[in-house]
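Whole structure, please, built from the sequences with the hints as guidance.
Protein chains in written order, with the numbering used here: chain E, 1 to 339; chain D, 1 to 152.
Incorrect hints may have been included.
Claimed, not checked - Example chain E residues on the side facing chain D (calculated, C-beta under 7 Å, incomplete): (1) Asp145; (2) Lys196; (3) Ala199.
To be verified - Distance windows between CB atoms, simulated: (4) E:Gly160 with D:Ser122: 40 to 46 Å; (5) E:Glu159 with D:Tyr2: 39 to 45 Å; (6) E:Gly72 with D:Ala21: 46 to 52 Å; (7) E:Ala106 with D:Arg133: 15 to 21 Å; (8) E:Asp188 with D:Val126: 17 to 23 Å; (9) D:Arg43 with E:Arg166: 30 to 36 Å.
For the record, the hints were derived by calculation from the structure and aren't laboratory data.
Backbone N, C-alpha and C fix where the C-beta goes; we use that ideal spot for every residue, glycine too.
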Amino acid sequence: MIFADEPAPGDPLPILPGHSSPGRFERVLRAGAFAVTAELSPPDSADPEDVYTRARVFDGRVDAINATDGSGANCHMSSVAVCALLTRVGYSPILQISCRDRNRIAIQGDILGAAAMGVANLLCLTGDGVQAGDHPQAKPVFDLDCMSLTEIARRLRDEGRFESGRALTTRPKVFLGAVENPFTPPYDWRPLRLAKKIAAGAQFIQTQYCFDVPLLRQFMARLDDLGLLDQVFILVGVGPLPSARTAQWLRHHVAGVHIPDAVVERLAGAARPKAEGRTICIELIQEIREIKGVSGVHVMAYRQEEAVAEVIDASGVLNGRIPWYPERHKNLLQEKVAP
Amino acid sequence: MYQVRLWSTRRARGLETLYQAFERALVTLDPLWRRIGYERLERPVAAVERAIKGVLFDCQMCGQCALSDTGMSCSMNCPKSMRNGPCGGVRADGRCEVTPSMRCVWVEAWEGSQRMRRGRDSIHVVRPAVDRRLSGTSSWLRIAREKAAHPS
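In structure tokens:
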């Protein structure tokens, strides 16, 4: 997918009227396409090539790549750095910002810095507690929460001011996202809490893993009743489970992941659980895309990132559309030059 | 005082009524507070506030009390200091991700708010980031001073 006003890779796209960012991701969503995003797990390394290798496995299947910020409270390359590397070659990253590790001074500085390096999308989240990760001895910061972080980011962009009120000279033109978990209590508050996030400035939402479609349907129907579906783009989190054992582990060790028994039993009974996990994921995507108000899926395929291409291709959600990626861009330019 | 804290959210409506009357009295007495001097009152009042709210809510004295908007459940007891609702890590049985021995402060807050009159709606208003300078100071005196100066 190449836009008519396509810049050189790494340069920002012109910001269209009514758009907030110079990014591809917002363009795809506002054009009404079913969007696909995927989570890149940042390397435990200082080698930029490790980032590019991990991004390339998604080539041609995703509209944006989420760079996680110390996900699960584990230490990895910083999300700002991963994003800066990705924008250099033209990828469209979503910068995840968690409130766990930095206070408002550091976070606002990161937002400006990231925008200066071409990052067009932010995802504001609270973050897992430090007890979940490899540094449980660390100090949890949590100076902001996901809601005040979203509001502060919106103020940086729309009012051109820091939280302190001090003015910026150039505003960060970012498309603002937040997360929601419809699959955890208090269930009846979750839709209203999403309304609060929209009020704080969220323009798109990425959800926690969905393995329970009826629960998602209920959540989406409630958003529809509240008149929220026109105000926000919702991308539902999905992912292939490699085995029943992993499913059990996720259930018990990763906060907020809800996997119904039926899914675990299906994996346990399968001759080839890994393939079965991918089939389940494909079926989930196909069911989810039919739900009113769903604008896309967010694939989190931890330690089996190579499955993303397979799952997306088999689900048919891209409808023949090929999302932008650096190599394809080069090829298309060569075709244009060739007589 | 975990059990008392849970009791308080169950009695959120009664506590709301009680507090509203108390707040009116606080604001009405502003001339008296000014005569004595808010600065002189700060330490003794903060000590009383800490003692009472400590027992009832496990109050952490953030100095910008939001109990009326959080179903009478003190959100500063959340290990992530969430001021706007629960994180995505709440366990299926409503317990906290970080401290499984307690129920999620925000699950409590939601139930409390649904018993309240004004607090039923005010839980949906976005709360700004915490001003850490106010930590340890009296919310009561701050509210008396502010509401007396800007009656709304």
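Structure-based check of each hint:
no., hint, result
1, Asp145, "holds (5 Å)"
2, Lys196, "holds (6 Å)"
3, Ala199, "holds (6 Å)"
4, E:Gly160 with D:Ser122: 40 to 46 Å, "violated (29 Å)"
5, E:Glu159 with D:Tyr2: 39 to 45 Å, "holds (42 Å)"
6, E:Gly72 with D:Ala21: 46 to 52 Å, "holds (47 Å)"
7, E:Ala106 with D:Arg133: 15 to 21 Å, "holds (18 Å)"
8, E:Asp188 with D:Val126: 17 to 23 Å, "holds (19 Å)"
9, D:Arg43 with E:Arg166: 30 to 36 Å, "holds (33 Å)"
Violation of the numbered hints given earlier is confined to hint 4; every other hint is satisfied by the structure.
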